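Novice: Sequence:
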Amino acid sequence: MMTSRFAEFKVPYSFDSFSSSGFGKAIGCYDSAVQELIVIDDLLSSMVGIEGRYILIKRVRGKDNDITFHVDPSMDLALQELAKRIFPLCKSFMLINQFAEMRSQFKSGLVNHAFSAALRALLLDYQTMVAQLEHQFWLGRLSLQGLWFYCQPMMGPMQALSTVIQKASINSFSGSAILNLLQSQAKAMAGDNAVRLLLEKMTQCASNAYLGILERWIYEGVIDDPYSEFFIMENKSLKKESLTQDYDAKYWRQRYSLKDGIPSFLANIAGTILTTGKYLNVMRECGHNVQVPAPENSKLMSFGSNHHYLECVKAAYNFASSELLNLIKEKYDLLGKLRSMKHYLLLDQGDFLVHFMDIARDELAKKPDEVSVEKLQSLLDLALRTTAAAADPCHEDLTCVVEKTSLLRRLGTLKDLEVSPTTFNRDDLEEPVSITGLDAFSLSYKVKWPLSIVLSRKALTKYQFIFRFLFHCKHVDRQLCGAWQVHQGVRSLNTRGTAISRSSLLCQHYA
1 MMTSRFAEFK VPYSFDSFSS SGFGKAIGCY DSAVQELIVI DDLLSSMVGI
51 EGRYILIKRV RGKDNDITFH VDPSMDLALQ ELAKRIFPLC KSFMLINQFA
101 EMRSQFKSGL VNHAFSAALR ALLLDYQTMV AQLEHQFWLG RLSLQGLWFY
151 CQPMMGPMQA LSTVIQKASI NSFSGSAILN LLQSQAKAMA GDNAVRLLLE
201 KMTQCASNAY LGILERWIYE GVIDDPYSEF FIMENKSLKK ESLTQDYDAK
251 YWRQRYSLKD GIPSFLANIA GTILTTGKYL NVMRECGHNV QVPAPENSKL
301 MSFGSNHHYL ECVKAAYNFA SSELLNLIKE KYDLLGKLRS MKHYLLLDQG
351 DFLVHFMDIA RDELAKKPDE VSVEKLQSLL DLALRTTAAA ADPCHEDLTC
401 VVEKTSLLRR LGTLKDLEVS PTTFNRDDLE EPVSITGLDA FSLSYKVKWP
451 LSIVLSRKAL TKYQFIFRFL FHCKHVDRQL CGAWQVHQGV RSLNTRGTAI
501 SRSSLLCQHY A
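For the sequence shown, my numbering assigns the number 1 to the initial residue and increments by one for each residue that follows.
Please note: incorrect hints may appear among the correct ones.
What the hints assert, rightly or not - The calculated BS3-like cross-link candidates involving lysine-lysine, where the alpha carbons are at most 27 angstroms apart (straight line), are:
| hint | residue 1 | residue 2 |
| --- | --- | --- |
| 1 | Lys91 | Lys25 |
| 2 | Lys342 | Lys329 |
| 3 | Lys446 | Lys375 |
| 4 | Lys25 | Lys84 |
| 5 | Lys331 | Lys462 |
| 6 | Lys278 | Lys462 |
| 7 | Lys250 | Lys236 |
| 8 | Lys446 | Lys329 |
| 9 | Lys331 | Lys314 |
Stated by the list, open to error - Beta-carbon label-pair distances, calculated as ranges:
| hint | residue 1 | residue 2 | range |
| --- | --- | --- | --- |
| 10 | Met129 | Cys29 | 30 to 38 angstroms |
| 11 | Leu382 | Gly261 | 55 to 63 angstroms |
| 12 | Arg478 | Ser372 | 15 to 23 angstroms |
| 13 | Ala194 | Ala78 | 24 to 32 angstroms |
Since the hints were made in silico from the structure, they are not lab data.
This structure is a prediction, so every number in the text was calculated from the model and none was measured.
Quick reminder that beta carbons are idealized off the backbone N, C-alpha and C, glycines included.
Given the sequences, and given the hints that come with them, work out the whole structure.
Specialist: This is the structure:
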């Protein structure tokens with residue numbers, strides 16, 4: 001009998017409307033002892049979602065998808081009250097079982113799949129308990145009071161789980177939303193230790209699939225997320241080559257970015273997790289396949305109050321960051337590039353610039369639209385080859401640029417200018433009436449991947465602003481030196497009362 005009951009077990013999804021004729025012979029025709037046996041048999045069936053002879057199950061279709069139970073009104077009132085106490089457990093089983101079946105579908109996502117598997121394991125234990133009670137019933141050892149006694153330990157946990165799945169069903173939760181819901185409900189049940197432990201176990205089981213995605217990201221830099229449940233998304237349309245042109249560095253900020261739905265237990269380290277995978281992806285783009293070592297005691301497949309998963313994430317971040325730093329320092333010579341930029345853009349070694357300004361003087365005196373960038377580049381290469389800069393292996397990466405606006409106007413276009421809008425007015429920066437190549441000339445630097453992450457277009461633009469200012473200062477210094485030499489040459493001449501005499505006296509006064 002017990003085997004056939006579970007072999008034919010199926011949760012009903014629709015029922016006929018309740019009517020008194022649906023019961024056949026009224027249960028009130030039997031004496032109370034017989035009624036109790038009938039009620040126990042019907043309740044054991046209802047506990048696994050099977051409609052009894054005198055207990056009808058009716059599903060109210062709608063958003064809440066509620067379930068109601070109806071008994072023969074002729075049933076003994078005491079038996080009715082005891083039966084109604086067990087109905088919430090029957091309802092919880094049916095809701096949980098339906099949720100487990102529905103969320104096991106592929107479209108529901110990995111977290112729902114794992115959660116459903118945990119629910120099915122719980123329901124298997126529950127059905128085992130019902131089978132044991134049925135065995136006791138057929139041995140004549142189970143009363144209705146005894147059934148209520150044995151059901152009480154399962155009432156709280158099953159009702160708590162049914163509350164969780166009802167909220168998840170109404171809001172169509174998936175992924176991290178399921179984990180956050182389970183965790184919040186577990187915290188809300190802190191006073192009931194049995195329910196709290198059950199919800200924590202369910203959270204643990206449901207999170208295994210999610211943590212599997214997290215493991216691949218922080219250990220390999222790969223997003224293996226077929227149902228878009230992970231809190232990091234990838235924008236494949238952005239290419240690394242854009243870093244050399246894009247001032248906002250969208251590739252680094254938006255190729256991999258955070259999205260809504262971060263699990264609450266990872267909220268504080270979401271940025272660290274994102275950066276860890278980014279570092280690993282940079283190395284993979286360079287053809288340097290590296291995987292964070294993950295010994296068995298560092299696996300993320302479990303988390304709890306000891307926060308061991310936090311240590312795993314931090315260890316992965318430290319490894320990835322150190323590997324990337326070593327890669328760009330050793331293989332791609334980051335420090336050498338920075339020293340080279342210091343020589344040229346910050347004029348740490350300015351002898352090449354003096355030579356360049358001498359041989360390019362005529363070209364730089366033209367208007368920006370008339371300046372030949374190709375000619376300036378050849379003159380710059382000549383200056384570099386004939387000075388100490390020729391010993392720098394990176395000097396070939398230096399290029400000429402002729403801007404269309406003056407330095408002040410160019411500064412006004414900076415998107416990240418750290419000046420309050422109330423005190424800074426771009427219109428106050430008046431463009432000179434006419435500018436020459438000397439005002440528009442700048443140097444740029446060829447930067448390849450992965451150094452373009454550090455020396456991005458934004459960083460190079462700031463270097464260029466500094467160079468343009470220093471270059472202008474250098475030009476003014478040369479003009480002043482030339483004027484001084486002219487004045488020194490006319491000191492021996494008799495120029496009393498002339499403008500030259502007054503100019504010489506003024507120079508001597510401020511010398």
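Novice: Are the hints correct? Go through all of them and say.
Specialist: Hints versus structure:
This hinted pair checks out: Lys91 and Lys25 have alpha carbons roughly 26 angstroms apart, not beyond 27 angstroms. Taken as a hint, the Lys342 and Lys329 pair is honoured in the structure, with Cα atoms around 17 angstroms apart against an allowance of 27 angstroms. Taking the CA atoms of Lys446 and Lys375, the gap is near 18 angstroms; set against the 27 angstroms cutoff, the hint holds. A C-alpha spacing of about 21 angstroms is found between Lys25 and Lys84, which places the hinted pair at or below 27 angstroms, so the restraint holds.
At most 27 angstroms may separate the alpha-carbon atoms for a hinted pair to count; Lys331 and Lys462 meet this at roughly 26 angstroms. Restraint check for Lys278 and Lys462: satisfied, since their Cα atoms lie roughly 25 angstroms apart, inside the 27 angstroms limit. Taking the CA atoms of Lys250 and Lys236, the gap is near 12 angstroms; set against the 27 angstroms cutoff, the hint holds. Under the criterion of a C-alpha separation no larger than 27 angstroms, the hint pairing Lys446 with Lys329 is consistent with the structure, at around 17 angstroms.
Annotation: proposed proximity of Lys331 to Lys314 holds, straight-line Cα distance about 25 angstroms (limit 27 angstroms). Our hint of 30 to 38 angstroms for Met129 and Cys29 holds, since their Cβ atoms are close to 32 angstroms apart. Separation of Leu382 from Gly261 is about 59 angstroms and conforms to the stated range, judged on CB atoms against 55 to 63 angstroms. Checked against the hint of 15 to 23 angstroms, the C-beta distance between Arg478 and Ser372 comes to roughly 22 angstroms, which is consistent with it.
Distance hint check for Ala194 and Ala78: the Cβ-Cβ separation is about 29 angstroms, which falls inside the suggested range of 24 to 32 angstroms.
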